[in-house]
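K.L.:
Now for the letters of each chain:
Protein chains: 2
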Amino acid sequence: MRYFICFSYFGKHYHGWQKQPNAITVQEVLEDALSKILGKTIDVMGAGRTDAGVHAKQMYAHFDFTEIEDTHNLVFRLNAFLPKDIAVENVFQVADEAHARFDAVSRTYEYWIVQKKNPFYAQQAYLVKYPLAIDKMNEAAKLLLDCKDFECFSKSNTDVNTFLCDIKEAHWEYVNDVLVFKITADRFLRNMVRAIVGTLLEVGLGKMDLGTVKAILKSKDRRNAGASAPAKGLYLTKVLYPQNIVKTHG
Amino acid sequence: MRYFICFSYFGKHYHGWQKQPNAITVQEVLEDALSKILGKTIDVMGAGRTDAGVHAKQMYAHFDFTEIEDTHNLVFRLNAFLPKDIAVENVFQVADEAHARFDAVSRTYEYWIVQKKNPFYAQQAYLVKYPLAIDKMNEAAKLLLDCKDFECFSKSNTDVNTFLCDIKEAHWEYVNDVLVFKITADRFLRNMVRAIVGTLLEVGLGKMDLGTVKAILKSKDRRNAGASAPAKGLYLTKVLYPQNIVKTHG
Numbered sequence: 095m096r097y098f099i100c101f102s103y104f105g106k107h108y109h110g111w112q113k114q115p116n117a118i119t120v121q122e123v124l125e126d127a128l129s130k131i132l133g134k135t136i137d138v139m140g141a142g143r144t145d146a147g148v149h150a151k152q153m154y155a156h157f158d159f160t161e162i163e164d165t166h167n168l169v170f171r172l173n174a175f176l177p178k179d180i181a182v183e184n185v186f187q188v189a190d191e192a193h194a195r196f197d198a199v200s201r202t203y204e205y206w207i208v209q210k211k212n213p214f215y216a217q218q219a220y221l222v223k224y225p226l227a228i229d230k231m232n233e234a235a236k237l238l239l240d241c242k243d244f245e246c247f248s249k250s251n252t253d254v255n256t257f258l259c260d261i262k263e264a265h266w267e268y269v270n271d272v273l274v275f276k277i278t279a280d281r282f283l284r285n286m287v288r289a290i291v292g293t294l295l296e297v298g299l300g301k302m303d304l305g306t307v308k309a310i311l312k313s314k315d316r317r318n319a320g321a322s323a324p325a326k327g328l329y330l331t332k333v334l335y336p337q338n339i340v341k342t343h344g
Numbered sequence: 095m096r097y098f099i100c101f102s103y104f105g106k107h108y109h110g111w112q113k114q115p116n117a118i119t120v121q122e123v124l125e126d127a128l129s130k131i132l133g134k135t136i137d138v139m140g141a142g143r144t145d146a147g148v149h150a151k152q153m154y155a156h157f158d159f160t161e162i163e164d165t166h167n168l169v170f171r172l173n174a175f176l177p178k179d180i181a182v183e184n185v186f187q188v189a190d191e192a193h194a195r196f197d198a199v200s201r202t203y204e205y206w207i208v209q210k211k212n213p214f215y216a217q218q219a220y221l222v223k224y225p226l227a228i229d230k231m232n233e234a235a236k237l238l239l240d241c242k243d244f245e246c247f248s249k250s251n252t253d254v255n256t257f258l259c260d261i262k263e264a265h266w267e268y269v270n271d272v273l274v275f276k277i278t279a280d281r282f283l284r285n286m287v288r289a290i291v292g293t294l295l296e297v298g299l300g301k302m303d304l305g306t307v308k309a310i311l312k313s314k315d316r317r318n319a320g321a322s323a324p325a326k327g328l329y330l331t332k333v334l335y336p337q338n339i340v341k342t343h344g
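Residue numbers (our numbering), protein chains in the order written: chain A, 95 to 344; chain B, 95 to 344.
Okay, chain A solo, but in the shape it has when bound:
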């Protein structure tokens, strides 16, 4: 039977989601916890990959196992076993063909910026001390909604077949002391959100105008865009699935 697991993590101490040799990743720690508790080697397939240091407030993965009688108890045991920086929200059975990566309809990311030194956001937001023209940054964000090909914001050594993404929302707003960039799309390319944020920050700092952003999007060349914003400000906040893949949600 197939199960979805919904969880969150504080990314600082992990080399991202995806398992790799010689570095601790969230996938490895999660698989280890599931395998120990269920008494069988469990492989999980994540909804996507997050880079080293990136956080997730809501992330999904799927795994296969025989019938789990008490998913509530499994969640309890997982949370007791996992370190403080990974928390499981729930585990629920899905249709056998449901796929955490391919069935995800959209992903939402947030990028958090603070404008003055704040001890409580030192590991959770990027400090930009200079004044930012938020209106201009929102105008530039709107340009993303009309764009389809995002090769200009993609890592050059990538293995994807297409650079097409459908951006559904992209805007900046203050939430208390934090300037939050929220962006939703059907899919994202590797490093894409941080490259977008780095570019929009150049606009906010007055170093780049909207015409230049348009030219960057057209150029399809990563070298033209702004520097990638630091990982610690980035959060995967929502992964959306169609209603019908969920069998029982407990």
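Hints listed in this document are in silico derivations from the structure and should not be mistaken for laboratory results.
A quick note: this is a predicted structure, and the numbers were derived from the prediction, not measured.
Any given hint might turn out to be false.
Note that the list lumps identical chains together, so a pair holds whenever it fits in one copy or between two copies.
Under the rule of at most 25 Å between Cα atoms (straight-line distance), these lysine-lysine pairs were calculated in the PhoX-like manner [said to hold, decoys possible]: (1) K130 / K223; (2) K106 / K178; (3) K308 / K276; (4) K276 / K242; (5) K223 / K178; (6) K210 / K332; (7) K113 / K130; (8) K210 / K130; (9) K151 / K178; (10) K301 / K314; (11) K262 / K223; (12) K276 / K130; (13) K178 / K210; (14) K312 / K178; (15) K113 / K210.
Go by the hints and put chain B onto chain A.
P.N.:
What follows is chain B alone, placed relative to chain A:
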């Protein structure tokens, strides 16, 4: 001339505010930064003491120095010099007799509780998984407003002359995912807020009734009250001074 410095800190890596041998404290780190930048040994007097691991969102101290021409620049240099977990909000001249500790009219603390595992509050809130009767906890909090003598919540080996405190507000409320206890008084005894929180949690868990809380307050004996809640959930959030002690506020 006398100056007030307003600052905040994330308490995890400090053995509290007050200087002591063989342990790093916020006072020591702040004095070191001021002394290095101003080129003279600077002693600061804090508005109060916070224990090891306790955070401060707003804390004040005073120090003496010759005229500082550009306090804005001093703040900038202090923030560049200080570690990430201490931030200076501002520095401003006050009347020569102004005193950060004795002139403070009130202090406000908050205690943060989360009710399920959350990687983003692992170092910043206390995790209480069991259901809490918030109404009962608020009824018990109200009893504090009528009380004057708080010896029952004071460390036994204390050097204070009086246990009298005037509690101005004390209540629990949810702020998004966090259950926040807010308490304001003219002064607090050592460990008092954490002892109060520990006691009110017993009420919320159904282990103690309001009659017992009344009896504890009357008893003036710390052994009767609940266990002290962990330091990581506690924040000093506001220190209030009379308007007239501020000469220039830069």
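K.L.:
Now tell me, hint by hint, if it's right for this structure.
P.N.:
The hints, checked one at a time:
1. K130 / K223: between (46 Å within a copy, 23 Å between copies)
2. K106 / K178: Answer is both; intra-copy 12 Å and inter-copy 15 Å each pass.
3. K308 / K276: So K308 and K276 pass the 25 Å test inside one copy only (20 Å; across, 49 Å).
4. K276 / K242: Within one copy only: 18 Å inside a chain, 49 Å across chains, cut-off 25 Å.
5. K223 / K178: between (31 Å within a copy, 14 Å between copies)
6. K210 / K332: Classified as between: cross-chain Cα gap 19 Å, same-chain 27 Å, threshold 25 Å.
7. K113 / K130: For K113 and K130, only the intra-copy Cα distance (17 Å) is at most 25 Å; the inter-copy one is 45 Å.
8. K210 / K130: Only across copies: K210 and K130 sit 22 Å apart there, 44 Å inside one copy, limit 25 Å.
9. K151 / K178: Classified as both; 14 Å inside a copy, 23 Å across copies.
10. K301 / K314: within (20 Å within a copy, 64 Å between copies)
11. K262 / K223: neither (30 Å within a copy, 37 Å between copies)
12. K276 / K130: neither (37 Å within a copy, 41 Å between copies)
13. K178 / K210: between (28 Å within a copy, 11 Å between copies)
14. K312 / K178: neither (44 Å within a copy, 39 Å between copies)
15. K113 / K210: neither (35 Å within a copy, 27 Å between copies)
Going down the numbered hints, you'll see the structure goes against 11, 12, 14 and 15, while the others check out.
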